[in-house]
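Visitor: Below, each chain spelled out in residue letters.
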Amino acid sequence: MANILHPRAGCALHGALATLEAIEGVVPIVHANAGCAIQHALANRDCGGYVGGLATPASNIVDKQVIFGGGSRLREQIKNTVKVIDGQLYVALGSCECAMVGDDLGGMAREAAEQGLPVVASNVAGFHGDVYCGHERVWRDLIDALPDVTLAAPSHAEADARPAVNLFGLFPGGNPYYKGDLEELRRIVEGIGARANVFYGPGGAAALQALPRAALNVVFSRWGEAAAARLEEKYGTPQLVFDAAPLGLEEVALFAQALVEKLDLDAAAAERFVEREEALAEYFLLGAADRYFDEAVGKSAALVGDSETVLRIGGFLARAFGVDIRAAVLTDRAADAEEMPLPALPWPTRATADAGEIDAILRESGVELIFASSLEAPVARDLGAVFLPVSHPVLDRAITIDTYVGARGALRLTRDFLTAARQIARVGEARLLAAIRV
Amino acid sequence: MSDNVNRISFHARPAGGGKPVAAGGAASAPPGTHIAIYGKGGIGKSTTTSNISAALAEAGYKVIQIGCDPKSDSTNTLRGNHYLPTILDSVRGGNKVHLADISATGFKGILCIESGGPVPGVGCAGRGINAAVTLLRELRLFEEFKPDYVLYDVLGDVVCGGFAVPIRDGITDRAYVVTSSDFMAIYAANNLFKAINKYAPTGGAKLGGVIGNGLSAVYSNAIIDDFADRTGTCVAGYVPRSLVVSQSELYGKTVIEANPKSEHADIYRALARHIADNDDLVIPQPLGTNDLRDWARDWGDRVFNLDNLETGAPAARVAA
Ligand SMILES: Nc1ncnc2c1ncn2[C@@H]1O[C@H](COP(=O)(O)OP(=O)(O)OP(=O)(O)O)[C@@H](O)[C@H]1O
Ligand SMILES: [Mg+2]
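For the protein sequence lines, the chains are Z and E, in the order given. The numbers in this note's numbering rise by one with no breaks, and the one at position 109 of the first sequence is 109. The numbers in this note's numbering rise by one with no breaks, and the one at position 210 of the second sequence is 210.
Since the hints were derived computationally from the structure, they do not count as laboratory data. Note that beta-carbon positions come from the ideal geometry of N, C-alpha and C, so glycine has one too. Take these hints with a grain of salt, some might be off.
To list a few chain Z residues with every Cβ distance to chain E over 10 Å, as calculated [unchecked claim]:
| # | residue |
| --- | --- |
| 1 | ALA34 |
| 2 | GLY35 |
| 3 | LYS79 |
| 4 | ILE85 |
| 5 | ALA164 |
| 6 | GLU190 |
| 7 | ARG213 |
| 8 | ARG350 |
| 9 | ARG363 |
| 10 | GLY366 |
| 11 | PRO378 |
| 12 | LEU432 |
| 13 | ARG437 |
Label pairs and their computed distance ranges (CB to CB) [stated by the list, open to error]:
| # | chain 1 | residue 1 | chain 2 | residue 2 | range |
| --- | --- | --- | --- | --- | --- |
| 14 | Z | LYS64 | E | ARG293 | 25 to 35 Å |
| 15 | E | GLY42 | Z | SER72 | 30 to 40 Å |
| 16 | Z | SER72 | E | VAL119 | 30 to 40 Å |
| 17 | Z | LEU395 | E | PRO85 | 43 to 53 Å |
| 18 | E | GLU143 | Z | ARG381 | 49 to 59 Å |
| 19 | Z | GLU278 | E | GLU138 | 40 to 50 Å |
| 20 | E | GLY41 | Z | LYS64 | 26 to 36 Å |
Next up, chain Z with everything else stripped away, as it sits in the complex (with noise of 0.2 Å):
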């Protein structure tokens, strides 16, 4: 019920648009009723990058094309957007509709490759399951078209002897901070002296096209490995599979070591990245570990978001501060927890993506701090707890290049716990004044 009131996210063909949005240069094709990319839109205010949100193409069919088939209206409207939109790569997606009458969507596509357009097809029909499931399925169909598609005014790379790294598993329509994050990770990757190939950032259409090309596929969720399986089978690139992005510096030093065994890297060049991290953290945290004794010591936690999310913030939480996490909630394994086992986390842990569970989960939880979506900022301000938004959506904060992960990472989820829990001993100091005068 509180799911069907308040759900968290779209079906596979939003996890689909919310990939493709993301990835700089490629041009999403709708073709359903209208009504399935508005709701993307509306349910995503920050969503659209290049292109996307409220300008998203899209074929709009109607009862006549359901009949007697939507095949023409889609080749119209890839015909049309071509036109209009400037784009690298264009990807016709179809829906539910599309799927029932059975248009020929992949037809649609190598007809328009044919005449030399960039134009590759997903079928990502909302009853195939939740965005996640589109998320895998969009990738999948990219890495199988890409090889035989030349994209549009593509960027030549320079030449660079590095050794360049796909990174998978941070889904856009999961984790709202993903472009900061990627920023951090490509930062650590190249100071580590290898190549981020980052397709959800600038000049993500060329990162696509040179995905065939890296020499290592390094995955952080679930979500990323169904793409890196598929590489490694059509390329042989093998893979570094990690069960969360590195938060901190130890786990960057892991990261770091991992990568440089398995691409043999310069080891002592990366260490010595490692290390100028380390005296860097420090000299930003060193004024605040009188803070941390006085204020922060033995606070209690509840995480609620993609797995990868609470994992990594979850674990610094829990090691760097000591925090007590009374509950995780795993927002994007519901679906397939039988498929997969969860994680086993120190910390009791629920699959559910249902609003009336979470919000009982957390009452119940009586924690002091609360990282989860904006979906969950009114119960925490019900029940007194500080809200931190860190998973999808968040609604009551703008995002830029925030990131909570890697060393900078560390350092700004160090900033909002201390900034927390300050308000926390605030009012507690408002309270005791309030009884000492009474």
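Use these hints to put chain E with the ligands onto chain Z, whose structure you have.
Guide: Below, chain E with the ligands alone, put in the same frame as chain Z:
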């Protein structure tokens, strides 16, 4: 999990990393020659397909036959009429579908699979066939079994987009159509030609040929020859109507198995050989609705004359 994958956990103790969902979809062409058999309802698709499968298996090939028909009776004669749960039965059950639950090994090792479908009158059978075929790819059936030939026995008329799935999306690369010399059977064949004609230019299947079946009249072969000629296709074989076929079916067997020495068994063997060797695929030129009608009327006249010749009985000529 391959040696090429290193797993590193920052957190806790990951419970023995399960496998990510196998990626399906239209990757590189799966192993084997994939052949779709179409034709009007009741014309003999399943009978013919099963006998071709049996003949191919007898010749030592690895064969899969997939019934793409909610009736799920395609492979009956290959496995003695035993019950076989369909793919969609298993999907409906809601559990994870395993290949072993939805396949049976029939005559000479032929792997038999039935897509099944919704209850008649509800749901969407076209979507069902589509989902079933996709599921087989996701289960990596073809990579595991490594067949030489995969035959898809697709139900009757191509009534909607869903039923055209086997001839587009790169699932099969060739289709055969079974027809008798009856007008409605030819009409259905012509409709299939329209679908092939539509999808072949964008990577859909092409036509391998026409299979004449249940032929009994003296002029039957000539009608089929002429239709093939007009549509720019060729005839892969002619199977006369015969009691051997009916009798074998009653025993729950193909002719190849039940009456291996019969003349019909050899007819099916020859047909199978032709299909195995034929790489001459064409995009048929279907007749327009009026052309088809004119063509039929023309044959009506000829058959009338022929009948008169044979029986000598004066028959009332149908008004032109
Ligand atoms: N050459 C033949 N001689 C005699 N009987 C035949 C011949 N071919 C088919 N039949 C009989 O015709 C009937 C229908 O055949 P079959 O089930 O193969 O048709 P179908 O095209 O698969 O039908 P459907 O469209 O219902 O799936 C069967 O009883 C079969 O034994
Ligand atoms: Mg049949």
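Visitor: ALA34/Z: least C-beta distance to chain E exceeds 10 Å?
Guide: holds, 21 Å
Visitor: Is ARG213/Z truly not at the interface, in the sense that its beta carbon sits beyond 10 Å from all beta carbons of chain E?
Guide: holds, 16 Å
Visitor: Would ILE85/Z pass as off the interface with chain E, using Cβ distances and a cut of 10 Å?
Guide: holds, 23 Å
Visitor: Should the label of ARG437/Z as a non-interface residue stand, given a Cβ cut-off of 10 Å to chain E?
Guide: About 46 Å separates ARG437/Z from the closest Cβ of chain E, which puts it past 10 Å; holds.
Visitor: Is the nearest Cβ of chain E still more than 10 Å from the Cβ of GLU190/Z?
Guide: holds, 20 Å
Visitor: In this structure, is the beta-carbon distance linking GLY41/E and LYS64/Z contained in 26 to 36 Å?
Guide: Taking Cβ atoms as reference, GLY41/E and LYS64/Z lie about 29 Å apart, which means the hint holds.
Visitor: Quick one: work out the minimum CB distance from ARG350/Z to chain E and report holds if it exceeds 10 Å, violated otherwise.
Guide: holds, 15 Å
Visitor: Measuring Cβ to Cβ, find out whether GLY366/Z lies farther than 10 Å from everything in chain E.
Guide: holds, 23 Å
Visitor: Find the nearest Cβ of chain E to the Cβ of GLY35/Z and say whether that gap is larger than 10 Å.
Guide: Non-interface label on GLY35/Z holds, nearest chain E Cβ at 20 Å vs cutoff 10 Å.
Visitor: Given the hint of 40 to 50 Å, is the C-beta distance from GLU278/Z to GLU138/E inside that range or not?
Guide: holds, 46 Å
Visitor: Can we trust that LEU432/Z is non-interface, i.e. its beta-carbon lies farther than 10 Å from all of chain E?
Guide: Its Cβ never comes within 10 Å of chain E, the nearest being 37 Å, so this holds.
Visitor: ALA164/Z: least C-beta distance to chain E exceeds 10 Å?
Guide: ALA164/Z clear of chain E: closest Cβ-Cβ about 17 Å, beyond 10 Å.
The earlier numbered hints are all upheld by this structure, with none contradicted.
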